[in-house]
Structure formats: C-alpha cells, structure tokens
Amino acid sequence: LLFRPKLIIAGASAYARKFDYERIRKTCEATNSLLMADMAHISGIVAAGLLPSPFEHCHVVTTTTHKTLRGPRSGIIFFRRGVRSIHPKTGEPIKWQLEQQINSALFPGLQGGPHNHAIASVAVALRQANTPEFREYQAQVLRNSAVFAEELIKRGFSLISGGTDNHLVLVDLRPRNLDGARMEHVCNSCNISVNKNSVPGDKSALTPGGLRMGSPALTSRGFKEAEFIRVAELVDEGAEIVQFAKTKTSSKKLKDFFAVCTQDEQVLEKIAKLKTTVNDFALSYPMPGFDDH
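At position 46 of the sequence shown (counting the first as 1) the number is 46 in full-length UniProt numbering, and the numbers step up by one without a gap.
Some hints here could point you the wrong way.
As the list claims (entries may be wrong) - In silico DSSO-like pairs for lysine-lysine, Cα to Cα no more than 27 Å straight-line:
1) K26 <-> K6
2) K255 <-> K203
3) K95 <-> K6
4) K255 <-> K270
5) K253 <-> K203
6) K224 <-> K275
7) K203 <-> K95
8) K252 <-> K270
9) K275 <-> K255
10) K273 <-> K253
11) K154 <-> K270
12) K154 <-> K246
13) K246 <-> K273
14) K224 <-> K246
15) K6 <-> K89
16) K252 <-> K273
17) K154 <-> K224
18) K270 <-> K203
19) K252 <-> K275
20) K246 <-> K203
21) K203 <-> K248
22) K273 <-> K248
23) K273 <-> K154
24) K270 <-> K246
25) K273 <-> K224
26) K248 <-> K275
27) K270 <-> K248
28) K154 <-> K275
29) K154 <-> K18
30) K275 <-> K246
31) K18 <-> K224
32) K253 <-> K270
33) K26 <-> K89
34) K18 <-> K6
35) K253 <-> K275
Don't read these hints as lab results, they were simulated from the structure.
I would like the entire structure built from these sequences, with the hints used as guidance.
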C-alpha cells in the first residue's frame, strides 16, 4: 500500500445509498487506520433502525442533531473507550486514547461555555427518537423518498446511483441540458426548496450539474407517497421554466439567466403561476410550530 492514512472517514452530505461500514473497516485494518463515520444526514434513520449502524465497525462516530434526528442545531461525538487490545508480550491491556484527545480538542480548543439549552434540547430529541412514532416517521421518510425518486425518473430525470436508499435524491440534470444553479434559482423563486450540488464529472462548483432534494421536512408536514408524486410534478414544471428561460437568454452567463428570470414578462408569469400553485398546495399541510399554517 502506498498510502496509509491515520483516519478514514465514512460520511457524505449527498450520498443516497447505504454505507458498507464493514467493508470500509477491513480497509482500515489493512492500513492501520482509525475509522470515523459522519452520520449527520442519516442519524435519525439509523436511530430508527432503518439504515445500517456504524457503531459496530467504527472507532469514532459524529453527527449533527438538526437533520433527520429533528433536534436543535448541535452535535454529538461518540468514541471508543476502555481496553483496545492486549499487549502481545506483556499481556497488559492497551487502552483507547481517544477520549482525552477529543475532549481537549473541543474544550478549550474549539468551544467555550456549554449551551445548556441546546444540551437539554438534544436530550429531548434523543428521547423522541426512542419512540414508535419516530420510527414510523422515519419509515415514511424512506417511503416518500423512494416514490419521489421513481417519479422523477419517470419524468426524464437521471439520478446519481439510479435511485435512493435513504432520505435524499441527487439528480443529474446534465442529460436534460440543465444545471443546478439555474434549477436552484427558479425552484427557490417558486418556493420549492432545493439546492445545487456537484455530481461526478463536474468542473464548476458554481454551476454544478446536480440538484439535491430530501423528504424529511415535507414528511414532517404530513406528506405521504401521493403528495410526493405531486412534488415531482412541480419540480418537473420548474425544470420546464428553466428550459424556457434559457431560450430567452442571450448568452451562457449565469448573470444573464438570472436577469431574464427577473425581467422577462413571460418568464416572470410562469414563475408566478408555479409559485401560486406551490403555495396553494403547501398551505393545505400544517407547518410544525406555526399556528397560521
């Protein structure tokens, strides 16, 4: 082996498939590396037992708590403690040294005083994650994501990896001669929350070829499979507006496309119409924490 890293990280922010932690761990053993899993995006689904857990195979596990775990903006670090191995010559136990290193890095290295309100909120989130209702919510998240992926494919979208195993879909827009920056601009203008995302083969982070979307937030509002079929239709309508606006743009520059979207009457009319449709559709479902929805 030419490269022996001290740490290998298994984690991603736009990966729609399952992680094979066991396989990655075998690589770590071959390179004498520690294995850290960052499950920030999938920790809620892991907690529900619906995605493979990293804890059996990883030495360190990190997660934020405000994504699929549905908690506050915070984070958790798990690490191994106690006996790591037995010294082959002396028979003495060799203990893990991760606790001191991680704790010192956090305080005083990175953080100051504790945010007790956030700590309490994390405790509430973890308590909720240990309920049948939370598991059913996560199961619905996965069902919705699967249907969403299928419907996007039916409408001519290409998905990275061909589908999804978790809560998100990563769309490759390039086969439809679209890009993430233009799709993000138009969809967000229509109150469809998406974000541009790089995909394999991209050369620019400003105009990537991908679009990332997820099902957890809408699932929290009561969306089920039928509603996500409609969401796919609305995203497709957004793509059609992008294609129409491109025909109105005099150059390939992004700023000229944005100008068309804010100045061309026909494009503005299409955006306004789709925005109204989205609003009327969304207002039928309650927004958690808002009494006027």
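Structure-based check of all given hints:
1. Restraint check for K26 and K6: the C-alpha separation of about 14 Å stays at or below 27 Å, so the hint holds.
2. Restraint check for K255 and K203: satisfied, since their Cα atoms lie roughly 18 Å apart, inside the 27 Å limit.
3. Between K95 and K6 the CA atoms are separated by roughly 18 Å; this keeps the pair inside 27 Å, and the hint holds.
4. Straight-line distance between C-alpha atoms of K255 and K270 comes to about 19 Å, which keeps the hinted pair within the 27 Å bound.
5. Of the pairs offered as hints, the one joining K253 and K203 holds, with about 15 Å between alpha carbons and a cut-off of 27 Å not exceeded.
6. For the hint pairing K224 with K275, the CA-to-CA distance comes to about 21 Å; that is within 27 Å, so the pair holds.
7. Straight-line distance between C-alpha atoms of K203 and K95 comes to about 45 Å, which puts the hinted pair past the 27 Å bound.
8. Between K252 and K270 the alpha-carbon distance is near 21 Å, which keeps this suggested pair within the 27 Å criterion.
9. For the suggested pair K275 and K255, the alpha carbons sit about 22 Å apart, so the restraint of at most 27 Å is met.
10. Of the pairs offered as hints, the one joining K273 and K253 holds, with about 26 Å between alpha carbons and a cut-off of 27 Å not exceeded.
11. About 23 Å separates the Cα atoms of K154 and K270, which keeps this hinted pair within 27 Å; it holds.
12. Proposed proximity of K154 and K246 is supported: the alpha carbons are some 23 Å apart, at most 27 Å.
13. Among the hinted pairs, K246 with K273 is consistent with the structure: their alpha-carbon atoms are about 18 Å apart, no more than 27 Å.
14. Taken as a hint, the K224 and K246 pair is broken in the structure, with Cα atoms around 33 Å apart against an allowance of 27 Å.
15. Annotation: proposed proximity of K6 to K89 holds, straight-line Cα distance about 24 Å (limit 27 Å).
16. Distance restraint check for K252 and K273: the Cα-Cα separation of roughly 25 Å lies within the 27 Å cut-off, and the hinted pair is therefore satisfied.
17. Distance hint between K154 and K224 is fulfilled; the C-alpha atoms sit about 18 Å from each other, no more than 27 Å.
18. Our distance criterion of 27 Å between C-alpha atoms is broken by K270 and K203, whose separation comes to about 31 Å.
19. The hinted pair formed by K252 and K275 meets the criterion: a straight-line CA distance of about 25 Å does not exceed 27 Å.
20. Using a Cα cut-off of 27 Å, the hinted pair K246 and K203 holds, with the two alpha carbons roughly 20 Å apart.
21. In summary, the hint linking K203 to K248 is supported, as the alpha carbons are separated by about 25 Å, within the 27 Å threshold.
22. Using a Cα cut-off of 27 Å, the hinted pair K273 and K248 holds, with the two alpha carbons roughly 18 Å apart.
23. With a CA separation close to 24 Å, the supplied pair K273 and K154 stays within the 27 Å bound.
24. For the proposed pair K270 and K246, the alpha carbon gap of about 13 Å is at most 27 Å, so the pair holds.
25. For the given pair, K273 sits about 24 Å from K224 by alpha-carbon distance, which is consistent with the 27 Å threshold.
26. Taking the CA atoms of K248 and K275, the gap is about 20 Å. The hint holds against a cut of 27 Å.
27. With a C-alpha separation of about 13 Å, the suggested pairing of K270 with K248 holds against the 27 Å cut-off.
28. At most 27 Å may separate the alpha-carbon atoms for a hinted pair to count; K154 and K275 meet this at roughly 23 Å.
29. For the hint pairing K154 with K18, the CA-to-CA distance comes to about 23 Å; that is within 27 Å, so the pair holds.
30. Under the criterion of a C-alpha separation no larger than 27 Å, the hint pairing K275 with K246 is consistent with the structure, at around 19 Å.
31. Proposed proximity of K18 and K224 is supported: the alpha carbons are some 22 Å apart, at most 27 Å.
32. Note on K253 and K270: the hinted pairing holds, with a Cα-Cα distance of about 21 Å set against a maximum of 27 Å.
33. Annotation: proposed proximity of K26 to K89 holds, straight-line Cα distance about 25 Å (limit 27 Å).
34. With a CA separation close to 24 Å, the supplied pair K18 and K6 stays within the 27 Å bound.
35. As the CA atoms of K253 and K275 are separated by approximately 25 Å, the hinted pair is consistent with the 27 Å bound.
Hint check: violations occur at hints 7, 14 and 18; the rest are consistent with the structure.
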